[in-house]
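Protein chains: 4
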Amino acid sequence: MVKVGIAGASGYTGLELIRLLVKHPEAQITALTSETYQGQRVADVFPSLAGSIDRDFSSLDPSAAEDCDILFLALPHTTAMNLVPGFLKGNCRVIDLSADFRLKSPQVFETWYSVPHNQRETLSQAVYGLPELHREQIRKARLIANPGCYPTSVILALAPLMTTDWVDLGSIVADSKSGVSGAGRKPSLTTQFAECNEAVSAYGLATHRHTPEIEQEISTLAGREVCITFSPHLMPMTRGLLSTVYINLVRDLTLGELDRYYREIYKNEPFVRILNPGAFANTHYVAHSNYCDIGLQIDVRNRRIILTSAIDNLVKGAAGQAVQNMNLMLGIDETTGLDSPGLFP
Amino acid sequence: MVKVGIAGASGYTGLELIRLLVKHPEAQITALTSETYQGQRVADVFPSLAGSIDRDFSSLDPSAAEDCDILFLALPHTTAMNLVPGFLKGNCRVIDLSADFRLKSPQVFETWYSVPHNQRETLSQAVYGLPELHREQIRKARLIANPGCYPTSVILALAPLMTTDWVDLGSIVADSKSGVSGAGRKPSLTTQFAECNEAVSAYGLATHRHTPEIEQEISTLAGREVCITFSPHLMPMTRGLLSTVYINLVRDLTLGELDRYYREIYKNEPFVRILNPGAFANTHYVAHSNYCDIGLQIDVRNRRIILTSAIDNLVKGAAGQAVQNMNLMLGIDETTGLDSPGLFP
Amino acid sequence: MVKVGIAGASGYTGLELIRLLVKHPEAQITALTSETYQGQRVADVFPSLAGSIDRDFSSLDPSAAEDCDILFLALPHTTAMNLVPGFLKGNCRVIDLSADFRLKSPQVFETWYSVPHNQRETLSQAVYGLPELHREQIRKARLIANPGCYPTSVILALAPLMTTDWVDLGSIVADSKSGVSGAGRKPSLTTQFAECNEAVSAYGLATHRHTPEIEQEISTLAGREVCITFSPHLMPMTRGLLSTVYINLVRDLTLGELDRYYREIYKNEPFVRILNPGAFANTHYVAHSNYCDIGLQIDVRNRRIILTSAIDNLVKGAAGQAVQNMNLMLGIDETTGLDSPGLFP
Amino acid sequence: MVKVGIAGASGYTGLELIRLLVKHPEAQITALTSETYQGQRVADVFPSLAGSIDRDFSSLDPSAAEDCDILFLALPHTTAMNLVPGFLKGNCRVIDLSADFRLKSPQVFETWYSVPHNQRETLSQAVYGLPELHREQIRKARLIANPGCYPTSVILALAPLMTTDWVDLGSIVADSKSGVSGAGRKPSLTTQFAECNEAVSAYGLATHRHTPEIEQEISTLAGREVCITFSPHLMPMTRGLLSTVYINLVRDLTLGELDRYYREIYKNEPFVRILNPGAFANTHYVAHSNYCDIGLQIDVRNRRIILTSAIDNLVKGAAGQAVQNMNLMLGIDETTGLDSPGLFP
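So the sequences go chain by chain: A, B, C and D. The opening position of the first sequence corresponds to residue 1 in the working numbering, with each subsequent residue numbered one higher. The opening position of the second sequence corresponds to residue 346 in the working numbering, with each subsequent residue numbered one higher. The opening position of the third sequence corresponds to residue 691 in the working numbering, with each subsequent residue numbered one higher. The opening position of the fourth sequence corresponds to residue 1036 in the working numbering, with each subsequent residue numbered one higher.
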C-alpha cells in the first residue's frame, strides 16, 4: 500500500480526493491537513464519510511529506509554491492541484497571477499532469502540476486539431459553463445559494487565469503560439463543466472524417469518450466520474467546427485526474479507483 | 379598455400573457382558449392566478377574433399559419408568438421548418415585432410576428455593431444558454426534472431554427447577407436566457468607446440596460422583467468583442415583448403593465 | 405621497421592500441605509433595480426617522431593539421586521433569545403585525412587530381551529420547509450553493426561536396556553415556505365541514386562499406574491387534521406583509402595491 | 460469477441497478429488458454507462428467468404480480422492486391498490426485503419484496421504539420529503422541470400507498396494530428522501438514553448511521450511497421524540437495497458493491 497525504483536505477538491482515495485499493491515507478543522474528526466535518474513514484533520507542517509516498496539495494558489521545494527534499512525490506550477514561463505566471514566481528551479521540474498529453513524463515525475478544470475540458477538445492543418488557429473561442463547486468551499456572496440559483452569468471574460494554461498546451502541440478567447460562465448546478469550442476550418471536412479522426486519436484513452455523431456533450452523463465526453459538429454554412466537451469539474477537472496521475506514477493500472460510470440521474 | 384574447393560453407563454394582462390597466381579457383545459376554470388549472382572474378556458374556434381588439396566438408552430388570415378579416389585430410569420422569405422558412409556407400574402404584411428595430412599423401593423427568445437576446446585442465598419461580419458566434421553460409545457423526457437538473448540455448546434431569424434581422441592418454560428444550450433553471456573442474587430477599439456607442444607440430604449463597463450580464437580474441587459467586453489580445445579453425568455423573450408590441399598436405608453424590476433573488 | 425609509435595505428582506415600494403608488422612498454599501448606488449593488430607482445607500444614523412617515427596520435581531425608542420620538411610525418586539413577554424573549429585553415600555406598545388577526390594532399602531415567516404560515393555518372545541390542543406538530433566502444574505457555509443544493435537511428541531411566537398567537386565540412542536427544514430552492401542520380531532369532522368553516373564516381576507378540497399547498403558486394558500385534509383513519400552508417567505413572510401593514396604517386599500398573482412557473 | 437479469432496466430504478451491478465483483449482467428501448445499445440510451457496459436492451419474455440466477424486477405495479410465479418455476430467485408482494394481506393490498391480489400463494412465500429486520429470512428467500423508498426511511427510524413501552403508538406522524426521481422516468406534467423546480408541495396526504407497508412492519414489531399518519412531499431535487417522524413519549427520556439505545440496536448494521446527538439528517450526506442516516431529538417541552431519517431514494430506497438483498441471498458480504461513501457535494 502506498502512503498518501492530502494537504488542504477540507475544501471540495480535498474532500473529493478523500472520497476517491478511501476506496482506492493501492492507497492508504496517512495524513489529512486542514487549518480550519484541525483536531476534528473527518466524519464529523463531512458526515458523508462516516463509516469510510476514521481519522482527524491535522495542521499542515513542513514535515507533512515525510511519512507520505505521495502528497496531494489542495491549497490556495501561491500557498503551494513555497512549500513544494521542502516537500520534495525526501522521497515524497507531490501532486499539486493549485496553479502554481502549471505555467512553464515565470513571466507568463506573473502576468496572469500578479505575483512573481519565486521557485523557478522547482518549476522547471514540474510536469503538466494531463495524462492524454504527457503520460510518459508523468510516470517519471516527482512534481505534477495538476491541470485546471477549464483547461482539461478545452485542451482535450482541441488537442487533436492542433497537429492538423485543417483549422485557423487564430479563430478559437472557448465558451465554458461551470457548476458552482468550481469556486471552492470558502463562503462568499457570489456562491450563496440565493445568489446563483436560477442564474446564469458570465465572469472573467477575456481575463480568466486559465487562459494561459490552455494556450501553453495547445501552442506546444501546434508548434507555434496560439491565442484563444476563453469565456467562463457560472451555472446553477453543483458539479459539471461544459466547454463549447469554436474553430474555423480552412478546408472542407465532413463530420464523418472528423469523427473517425477523433476516435483514432483517442482510441486508447480510458477516460475520453467520443460521442456518437449528432450527439452533444452533457455534464449529467459524466457526473462524479473521471470521463471527458467530447461531441463533434461541423457548421457547414460557416465552415466552423463546434466541439462540446463535458467533465465533472471535481473529478476529471481536479481530484480524479490527480488520482489518475498518481496511478501513472505508481506504475499501476491508470483506471484504478476511477472506474465509476457517470452517475445519472 | 381594449378587449384581448389569447389562443393557446395554457402553455407557459400563454400563462405569462395572462399574468401580464390581468394587471394591465388598459386591457381586458375576453377570451382564453386551451384545447387541453377547455371548460375548466383558469384558476383551477393555474392556482397561482386564483384571485386574479375568474374565467374558464374555451375551445379555439374561427370566430375567436370577433370579440377581440387584439388576439395573441400562443400556438404551436405551423398551427397559427392557417388561422391568421381568417382572424385578420375583421377589425382584430393579431400578435403571433409562433415562428410562422417571422421569416420574410417563404423559401428560407421551408428550408428550416421543412414545410412550405402557404400564406404568402399574409406573410408579406407581417411586421417583425422587435420594438427596438421596428417601432414605427409595429404601431401601424395588423399582424405582428413576435420574435423568438434567442433572436431577441442576440439581435439586441449585435444590432448596434451591424451598422458600423468595425467588425468582421463573417466571424459571429452566438453561444446561448436558456432555462428549461423555453421548451414549453408539453411533458417530454428531455425536460423532466431528473433529466435536466444538474445538467448543462448543448443541442441543435448549427441547425437550430432561430438561426435564420437572427440572420434576417442583422443582415437587414448590415445591408448584406450575414451568416452566424448559433449554439443553444439547456440550463438547469426555469427562466432566463443568456447569449454570449463573439465578433472580431477589424480595427482597434477601446471598451470606453464601445460603451459610449452602445449607450448612445440605446439611450431612449426603456427596456435595454447597458451594464457598467466590466460587468457581465446575469439572467438573475432580469428575471420576470421585460429588460434586456447587455454587457460589453473587448478581448484585446484577440481583437474580439464579447457581448453578453440576458433576458427572461418568457417576458422579453415572449409574452412581455408581445405586450410591448400591443402597447405600441394601441398608442399607449410602451412600458404600460411592464414596469416591474427584475425579481432578485 | 408617504415618505418611507428602509434601514438595513441591502439584505434580502430590505431588497424585497425596495422592490415592492418602488412600484407602490402611495409611497416614496426617502432613505435606504446599508452599512455594507453606504455611498454606493442601489442599482450598482442590485442591478435588478436599474431603471427602477436612482438613489444611494446611506449609513444608518439616529435621525433616520426624521424625514420618514414610515420607517421599515430590516436589521439583525437585537439591533433594532435599542434604536426603536429613538425613532418613535417624532412622528414616524415604525415597522420592525426583526423579532425584537414580537414576543409580549420579556421573560419569554430572554428564554429563547438569550439576551434580556431592555425596552419593555416600547415593547408594551408594539402590535403583532398579522393583519388577519390584528387588523384594527395595526391601523392605529405606532410600532409594528412584523411576524416571522414560519409563524405567518403556521398561525394562518391553525388560527381558525383555535377557537373551536374540535381539536386536541396538546397534539400540534408543525413541520415547515423553507427556501434558502430565509437565512438571509450574509455569506455562510450552510447557505453556499454547493452545500444546500440537492439537499433537504432539518435544523433547530424543538429549539427554533419562532416557536414561542407561534405559541403566543395561538394561545391568545385559544384562551389557554398551547405548546407546539415546531420543526424547520431547509429546502434547495430560493423562495417559498410550506408548513404541514398536524392536529388531532376530538370529534368526527368531514372535509366538507372543515372546508366550509375555513372559507367562512377567511372570506374577507384578500391574501388567504383556501384551496379546493383535495388540493394541497405548493410554494410555486404563491411565489413572489403576498398570498397564503391553505390546503385542508382529514386523515380519517387517525382522526387527525392535516393543514398545508404556503407563502413566499420574503413577501407574505416578510416584506409583503410589512407593506400590507403599512397600507393599513395609512388607511389605504390593504392590497395596494401587493396585487401581483403568484409567479408560475 | 452470478448471472443477473434486470426486467424494466430503463427506468431510474433499473438504471441504478445497472450502475451498481456493472461494478459488482460477484455479479454478471446477462439480461436487460426494456420495452421502450429494446434492440438499442444501453450506452446509447444512457451515455453515462458508455465504457461500463456493452449490451443491448431486449424485450421481456417469459423465459427471461431461465438464464439468470437472480432476476430483478423493476416493473410497474401490478405488472410484476402475474409474471413472478412463472419466473420462480426454475432455479431463478426474484427480487421484485414493485409493491406487488410487499403487503402480506391480500385484503390490505386490494384496499390500497384498488385491484385484487391474484397470486396469493406466491405472496405467502415473499419476504419483505429490509435486511435490518428480516436478514435471516432474506438469506433463504426465493422471492424478495424490495421495500418502498418512504417505508425504508420511516421503518428504520421507528423500528427501535416499537419494541419499547416508552411511546404512544397512536401518536405517530411521518412527514416525508422526496426528490423527484422517486416519481420515475415516465414523462408527466408534475415532474417537468419548470413545474417542480422552485416548488415544495405536499401530495397524497393520508392516502399514499406506502402507508400500509409502514404499518405492516411496525405493527409486527410492536405486536399490535399501529396506524400512522404519513405525508409525502415533493422536493426540488433529483435524489434524496428525508423523513421527519414524530412520536409522543409516555415517560421521561433523555437524549443521551435515546442515543445509546439506537446505537445499541444498530451497532452491527453496516448501512445505518446514528448521527451525533444534536445533528439532524441531511439527504446530501447519503447521496448515491446505501446509507440510512438517523438523527435523534427530544422535544422536552412536549414530551415528543423527533426522528430524522435520510436515504438516497434510488439506492437504499430501491436499487442499493435490492443489491444488499442479493448479497444476502448469495451468502456473500452484505456490503459488496455498496461501499461507496455519500457523494458530497
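Be aware that one or more of the hints could be misleading.
Below 27 Å or equal to it, Euclidean Cα-Cα: the simulated DSSO-like pairs (lysine-lysine) are [said to hold, decoys possible]:
no.: 1; chain 1: D; residue 1: Lys1038; chain 2: A; residue 2: Lys23
no.: 2; chain 1: B; residue 1: Lys368; chain 2: C; residue 2: Lys693
no.: 3; chain 1: D; residue 1: Lys1058; chain 2: A; residue 2: Lys3
no.: 4; chain 1: C; residue 1: Lys693; chain 2: A; residue 2: Lys186
no.: 5; chain 1: B; residue 1: Lys368; chain 2: C; residue 2: Lys713
no.: 6; chain 1: D; residue 1: Lys1058; chain 2: A; residue 2: Lys23
no.: 7; chain 1: B; residue 1: Lys485; chain 2: B; residue 2: Lys348
no.: 8; chain 1: B; residue 1: Lys531; chain 2: D; residue 2: Lys1221
no.: 9; chain 1: D; residue 1: Lys1221; chain 2: A; residue 2: Lys23
Derived coverage of chain C by chain B (criterion: at least 3 residues anywhere in the stretch with Cβ under 8 Å from a Cβ of chain B; other residues may be distant) [unchecked claim]:
no.: 10; stretch: 784-793
no.: 11; stretch: 973-979
Derived contacts from chain D toward chain C, CB cut-off under 10 Å, selection only [to be verified]:
no.: 12; residue: Pro1151
no.: 13; residue: Ala1234
no.: 14; residue: Ser1266
no.: 15; residue: Met1272
no.: 16; residue: Leu1276
no.: 17; residue: Phe1315
no.: 18; residue: Asp1334
no.: 19; residue: Asn1337
no.: 20; residue: Ile1341
no.: 21; residue: Ala1345
no.: 22; residue: Asp1374
no.: 23; residue: Phe1379
Just so you know, these hints were derived from the structure itself, not from any lab. Using N, Cα and C, we set each Cβ at its ideal position, and we do this for glycine too.
Go through the hint on Pro1151 of chain D and say holds or violated, using the shortest Cβ distance to chain C against 10 Å.
-> Nearest chain C Cβ about 22 Å off; hint violated.
Interface restraint verdict for Leu1276 of chain D against chain C (beta-carbon cut-off 10 Å) = Check passed: Cβ of Leu1276 of chain D comes within 8 Å of chain C, closer than 10 Å.
Given hint Lys3 of chain A paired with Lys1058 of chain D - CA-CA distance at most 27 Å = Given pair Lys1058 of chain D, Lys3 of chain A holds - Cα atoms ~25 Å apart, limit 27 Å.
Against chain C, run the beta carbon of Met1272 of chain D and see if the smallest gap drops under 10 Å.
-> Where the cut-off is 10 Å and the nearest Cβ of chain C is about 5 Å from Met1272 of chain D, the hint holds.
Double-check Phe1379 of chain D for me: the hint is only fine if its C-beta lies closer than 10 Å to a C-beta in chain C.
-> Nearest chain C Cβ about 9 Å off; hint holds.
Within a Cα-Cα threshold of 27 Å, do Lys1058 of chain D and Lys23 of chain A meet the stated pairing?
-> Measuring from Cα to Cα gives roughly 13 Å; hence the hint holds.
Report holds or violated for chain B covering the stretch 973-979 of chain C, Cβ cut-off 8 Å, minimum 3 residues.
-> holds (count 6)
Can Ile1341 of chain D be said to touch chain C, with a Cβ gap under 10 Å?
-> Nearest chain C Cβ about 5 Å off; hint holds.
Restraint check, 10 Å cut-off on beta carbons, for Ala1234 of chain D near chain C = Hint holds; Ala1234 of chain D Cβ to chain C Cβ min 4 Å, cut 10 Å.
Closest C-beta approach of Asn1337 of chain D to chain C relative to 10 Å, hint status = 5 Å, holds
Chain C contact restraint for Phe1315 of chain D - C-beta distance below 10 Å | 4 Å, holds
Go through the hint on Asp1374 of chain D and say holds or violated, using the shortest Cβ distance to chain C against 10 Å.
-> Check failed: Cβ of Asp1374 of chain D comes no nearer than 22 Å to chain C, outside 10 Å.
The earlier numbered hints that this structure contradicts are 4, 9, 10, 12, 22.
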